[in-house]
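**Q** Chains as they are written, first to last, in the numbering used here: chain A, 1 to 119; chain C, 1 to 239; chain V, 1 to 84; chain U, 1 to 493; chain B, 1 to 617.
Where hints are given, some of them may not hold.
Some chain A residues near chain V, calculated using beta-carbon distances under 10 Å [as the list claims (entries may be wrong)]: (1) I8; (2) S28; (3) K32; (4) I35; (5) D41; (6) T58; (7) Q78; (8) I100.
Since the hints were made in silico from the structure, they are not lab data. Where is the CB? At the ideal position from N, CA and C, for every residue including glycine.
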Amino acid sequence: MNFLTSYIHYVGCFALVLIGLYVALVKSNLIKVIIGINLIDTGVNLFLVATGYLGGGTAPIFSKAAEQSQEMVDPVPQALVLTAIVIGVSVLALALALAIKVYDHNGTLDLRKLKGLKW
Amino acid sequence: MRKQISLLLLLIVAAGFALCLAGAPFGAEGARESRRLVKDNVNYGRRYVSKGLDENRCANIVTSVVLNYRGFDTLGEVTILFIAALGLGAVLYGRRAGASPDEAQRPSLILSTGCRLLFPLIMLVGIYIFIHGHLSPGGGFQGGAVIASGFLLICLGCRKKKLNSVALGAAESLSGLAFVLLALIGLAVGGSFLLNFLPTGKVYALFSGGIIPLIYIAIGVKVGSELSGIIDNLSGEVR
Amino acid sequence: MIVFQTFLVLVMIVAALAAAGFRDLLGSVIACSLVSLMASIIFYFLQAPDVAMAEASIGAGLTTAIFIFAISKTKRHEENEKTD
Amino acid sequence: MVSPILLIAVPLALAFLTPMVGLASKSARRYMPAIAMLFNFIVAMSLLPKALEAPIIVRTAGWAPPLSIHLVAGPLGLLLSSLVALIGLLVAIYGIDYIREGARARYDVLYTLLLVGATGVVLTGDLFNLFVFFEVLCISSYALVAYRGDSAGVEAGMKYLIQGAIGSSLVLIGIGLLYGTVGTLSMADIASSVGSVAGSRLFISLAFMIAGFGVEAAIFPLNAWLPDAHSSAPSSISAVLSGVAIKAGLYAIARVVYTVYGASSILPFLAVLGVVTLLVGEMCAFAQEDIKRLLAFSSIGQMGLILFALALSSATGISGAVFLIISHGLAKALLFLATGYMIYRTGSRDISSLAGMGKRMPIMSLCFTVGAFSLMGLPPFVGFASKFTIVRAVLGTGSTFFITLLAIGLIGTVIEGAYFLRIVQWLYFKPAPEAMPEQTEGRAPLTALVPVGLLAVLIVTIGLLPGIVGRALGPAADDLLDRAAYIQHVMGD
Amino acid sequence: MSAQGILITAFAGAGLSYALGLTSARLREVFAIVVSVLLVCLIAITHGQGAEHVYYPDFLGLDLVLRMDALAWFFAITVSMVGCLSVIFSLHYVRGKEKENFYYFALLLVNAAMLGIVLSGDLLSFFIFWEIMSWAAFLLISYKRGRALDAGLKYVIMSILGSCAMLLALLYLYANYNTLVISDLAQQIRSAAGGFPLWVMLAFALGFGIKCALIPLHTWLPDAHSEAPSPFSAVLSGILIKMGIYGFILVMYGVVGLKLLLEVGAPWLHFHTVLCWLGAITILIPTFIALLQDDAKRLLAWSSIGQIGYIMLAIGVATSLGLAGALFHTLNHAVFKALLFLAVGAVEYKTGGVRDLNRLGGLIRRMPVTFACALIGGLGLIGVPLTSGFVSKWLIYKTLITEGHPFLALAALVGTWGAILYVYKLLHNMFLGQLPEKYANLEAAPFSMQLPLMICGFIIVLFGILPGIPLSVIGGIVGTLGFEPVTATLTGFGPQIGPLNTLNLCAAFAGVLLVIVAFRGIAARPKPVSQDDSYAAGAAAPAGKYHHTVRFYDPLERMTGGYLRDWVDQFYLSAAGKAKGVFNGVRRIYTGDVRTYVMYIVALLTFLIFAHTAGWL
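For reference, chain A alone in the conformation it holds in the complex:
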């Protein structure tokens, strides 16, 4: 039971990362690979927030009602994840723009055919 309580989040996020990597490694469609990268980003963000999570902690936001602070969760990973999510979106948007342009030029998104530049 104790394994479940403390490690379920890590299992979840690293499962996401591994699935994302598998998609990026194996799938031949460009959009599918970009989805894989998106999965990896989500997994990594989940992992960062999970590192900051304390057992029974509360959200690091003070309000008139909740004044006490010792049970609060570590706010730093949340700040990092905020940045990481937006980085993920930016990379994703650029990736999809490039995918559209690749489709314009080559008419296909199959990575096995997109080998114009090699050797």
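Fit chains C, V, U and B to the given chain A structure using the hints.
**A** Relative to the frame of chain A, chains C, V, U and B by itself:
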């Protein structure tokens, strides 16, 4: 052949993760005891939580970490979004030839008026989110995203209204400039970049936290205009 | 409480596997947005409301929109896997 | 006193300002990157002497270093940021007339932000901030590689982006693992508390970081993106990418390995990886027909040599590596800029089309020859001084393992000599094909000749008087090697 | 006028000549000659001063030093002399051709770099000038397009390989003795406990061996010399190869010193004996390959390799007489080869680029002066008495015989026979025999080409009759390098070295000449023979001699041609071909498929994790 190799590789990577996470500091329970043992000055998460409130008088500690303690990251972050919007524009530069959709797909009257009615409400929610970034959860990024979803609605819902890209670009760069100037004033006045030079006011009041709400407003406008710029670029025209 | 979190994580993993497995790109994009939705809820349970909101609005909302725009401009279905 | 933070803040402000300036007047916007980099170069050079004694620690948001993000403008940081500023300035001048088509407004901003990213990577003292500026650098180079929108550029950009994204996620996992174990993100703070933590978790997070930063630093298995990206990008961009961007990646690895982890067990592995990169790079370069792809592979080769020198962990070794970073940056930027206008003139990137360029573009060919000779390490040029320092450092270590690796590496430089001199022969000693029409408009404008000429003059003067740069190399090597001093400087006050 | 002044004038001269050349060709030619002649005088004046001074205090932590001791002076005067002659010769040779400016700049740069090598007092500046000489020579070799490019590339690849080896050896010395100034280095090495490491000596030998074309490393020389423009071939063959010799002498005797040198290498096989045998082989094989060459310059190139064999043999013997012989033969060979190459160059210039021996002939009547000088050069090359070649070969033979190396002496002797054969072939095919019609009204070479030939011819005969002039200088050098000095009178050697008095030889020759003249005077006047004499078998005897010389040594070639091909060259070319195949293979790593690239990233990560868990890292 490719599948087997990648499965083998991922197996070893998974083993690496497992090897890493076995120890004490990871895992929710493990984290809790290890945090309690650790004194404040070693783990800065606890220090921000314990002293953050009276240093910046900003209720949302995450916001004070995002903008004050680690504000330089957010400056980098905003630059990245700016680069993404411009990069998208640069890459899709040559594709302006948009074919106007045929009659059949034009949105019905109800849909377009509904959207135009809903748009100001979404903007209001978005603006509320990033104005109250330092009090309640949420902030520049989340508010900007909501504003962008408003623009998305306009973009999908009603065809006629074309987003004024020059205004978006101006909003984008002006708000980015505002953020950097606020930080530079901190350097000029208080001797260190991103310093919270304004009085930080009472804790839960709207005008608390010194320059933090100002920066979050600038970020909100910037993220909103950039994400809608991205959407406008990507949805330039439907073939 | 933890049981519900475990359930969320399992749904997320299944959605991720679906996103990987679907041949129809639109289907896998929907599965992908389901993953971010689940992640957003898990963030809430991990006491990170800011991140939950960001993940929900950016991760689930805008990412899916951008994906669908991209798919509308390119091909919807994946080529067959046989030639690999 | 001018604070090093301006090195990042002012170009950033100028970058945000550029769209506004663009609205006002189209032509003024083209000079914005040059202005930003000129400012950067002046500030960096003025701060360098002061930083040679002790690194300048800059706080942000007014908190003492470990609390908030801080910049560590040490001798190494400022030396590299002045290199970034110098090459950025010269390539910006080159880009004024070179880039004509495409979304010209966006090019200027992206170009300035790329250099801001590189300067940020080199100056920052915080690990996550290093990752953020690393991302600024990478994403702007993805967009700029695909700037032309032609089939090759877009494909190269797409491949570069996918590998870069995977690399960045690995770095993020590494930072997550490290933050989980140590609880702080300031490099000096991590360094001071890393010693007391169990080994295997640290090593795996180091592995992730090396794999992640390695993608941008063109280490052997990870550099598959580089030949495509540098050959299909516009020449001014490949000049900056080759001259500056991959160096920032390698600096990140060096800083992580030496300062954050203080790891010594992985150094022999990095040395072997460096020599393998050198050999693979030079071999592939020899077999190329396309001039820019050849230069890209030769960049991989030289980065292998720099990594090998960094992995020596001796003071002269690292000062040799920094010296090679400077000399390779100058020479490779010169080569890419020179080929830019040669390709523009002949219309094709094939080496055989360069025949007889010696007569048609004398200044460009002369500068190309100076750059090629410097890269090969021939005496009167700066390449010789850096190669000499590295070989002296390797033999100084006296360990037969390193000396045999060096001997193998020197075979790489022989291959490099072969293919560069083959090109010089094509330039000067092959008759120009008469079929080529005598286009007069192809004559390189002043904004191209000035940077290329200046780089060539720099290469020769630093080659003849290595003392100019030599003074800063010693403290720069100590800045990287001496972990305790770094911690004491940052955490001390 | 210190060494630094000489170097500055040399390098500034090269630069200025390029600058002046941009304005007017005439001005540049005059300036080039003035600079070269000035250099010769400057060096001649500074004979005595052995001053050693630092000219660049802190270059990467080392002091660069120049010195002008006897050895340096001797080589410097040879370099500047031959350099000046080739500049004078190339006035006409290059006039009108394109890229003249570049030619003069590169030629003066190579001469300046060689002066730099010779005058440098520490190994780092030696190395710097060495590399400058290499790439400047590369530019000049590939000057005449076409096949010259491959020759240039082959030359430069081998010389870069050599300089990499030399850099390793040089910095190993710096790492162990942390100084590169030759005088201090020599003291420390000789006083150091252990012997001199063999691999360092081999690395030096590789570097210098490539430059002076020892047998396994010689393959670049035939192509480079035959493709380079003739005046530069003279410089290339005359003095550029001698830099390798200077390097050997400097390292073997200047730095390592005689006592230590004798122990270098395995106890049963010393380094210097290997060097001797290499020298012997280098005498034999190239000389007989030279026989079979049809192209005049290629013949001379192979003969250069052969003569270098003599010099290496003399150095390898490690005796004072041997070293004196080597130094004197270096000087002689520089003068012979300069003369012969310039003569071939003159013929090539006049006949519009023809150097194929089968198509030339009978030029003795059209170009008598060139023939006379070429004859003197050829005789000197063979080593006929009354020419300086005789004295140097006599020294080498003497030391081989007194030291008891019968087989080496035999090899030297056979080498001389080969020399006689190919010199005769060269002179006969070019100057004797039937004059082809198209050269019937060929006028003589311009004076600016004949002057260098005459100067060289004069030097050969002068040093042949009065060998004391160079030998007194060489004796001093041998003394400074740790041997007992060789005393020589003006006309030969004292009794303790073995009686040689060129005066008696002159007297003997004069006597024989007198007898021949007298006999011809007294004997019957040769009576003209009528046309239908049996000699012409009834047919009308043609006006001139009608023995054309085509495929001169054809029977010899048919017999030995199969064996005497350049095996080493074929081996190198096939190795290069295989290497190119490997490079093409390595290129295939970048398959173009992004998924494979991502797999490479994950593969490195897994390797690191696996290596850690397995305990390697």
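**Q** Provide an ascending list of the numbers of those earlier hints which the structure does not satisfy.
**A** Checked against the structure, no hint fails, so every one of them is satisfied.
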